[in-house]
Amino acid sequence: MIGLGIGSALIVAAALVAAGSLRVLREYERAVVFRLGRLRGARGPGPVLLLPLLDRMERVPLRTITLTIPPQEIITRDNVPARVNAVAYFRVVDPVRAIVEVEAYPVATSQIAQTTLRSVLGHADLDTLLAEREELNENLRAIIDEQTGPWGVKVTTVEIKDVEIPEAMQRAMARQAEAERERRAKIINAAGEHEAAQALADAAHILAGSPSALQLRYLQTLLELGGDQRTTVVFPLPIDLIAPFLQHPPAPRAPDVAPPVPAVPPPARTPGGAEPAAGNGSATTTRSP
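FYI, in UniProt numbering the residues of the sequence shown are 1 to 289.
Just the calculated beta-carbon pair ranges, DEER-fashion: (1) P71 with R184: 32 to 42 Å; (2) I187 with L130: 22 to 32 Å; (3) Q147 with E178: 39 to 49 Å.
As a list, the in silico EDC-like pairs of lysine to aspartate or glutamate whose alpha-carbon atoms are at most 16 Å apart: (4) K154 with E138; (5) K161 with E134; (6) K161 with E73; (7) K161 with E138; (8) K154 with D94; (9) K154 with E101; (10) K161 with E132; (11) K161 with E135.
These aren't lab readings, by the way, just hints derived from the structure by calculation. Since the structure is predicted, the reported quantities are computational estimates derived from the model, not experimental observations. Built from N, CA and C at the ideal position, the CB exists for glycine as well.
Please model the complete structure; the sequences and the hints are all you need to start from.
Pasting the structure below:
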């Protein structure tokens, strides 16, 4: 009976030891095994058997990890204070180096990302920070990935999430944007007026060469004005339109006849037998010898 009890105890102990020595790793996990402090390599996925009291295992996930970079206070190259936060995505590509080369690789990656964010964005001006985010994101990713590469960590993406600037600077930028929009609107209006004036000049040139087209356009305008019965329009009527109706046939002219010559009465004789001289209503008297 005692031997049976001891045997049962040994079986139970062996089962417990075997259960404690067996590890099952998922597809996205790897195990870095140390035996008596020495590196044995990476294992997995699937079951991994460890020697009790001799082996120690570190689990390393291979999935992409999302790292939220805390907001960083920066001063841009043009001396504008700003508050920037970002997010980074990285994953482990070498489990052994991620455990052996660095302590707590997620924390180390976060610290590298924060310092790189302040350094890179501090060398950019505000306009670049707001307008060229893609280029800045790529620069951040390349620099962080270069520093985390020896740890077996691959940085895949870095994105700037938000840029906070002082309210005074926001108002100044709003005024600048409004002025720029007004400038563009004036340019567009001026271009439209220029095109309209050019079109009117071309139309006037065409109509000037064709009086009938000008009259047709005038009649078309009258038709458009007459379409609205609630509008009373007083307009002068061009004489060119009614000139044909005002023309009448000329009256017959009398034949050219010379005016009658008035009859001149014969001169009266004087008692002496002399005739009065004509001219200026005066008479000259002559005497005979």
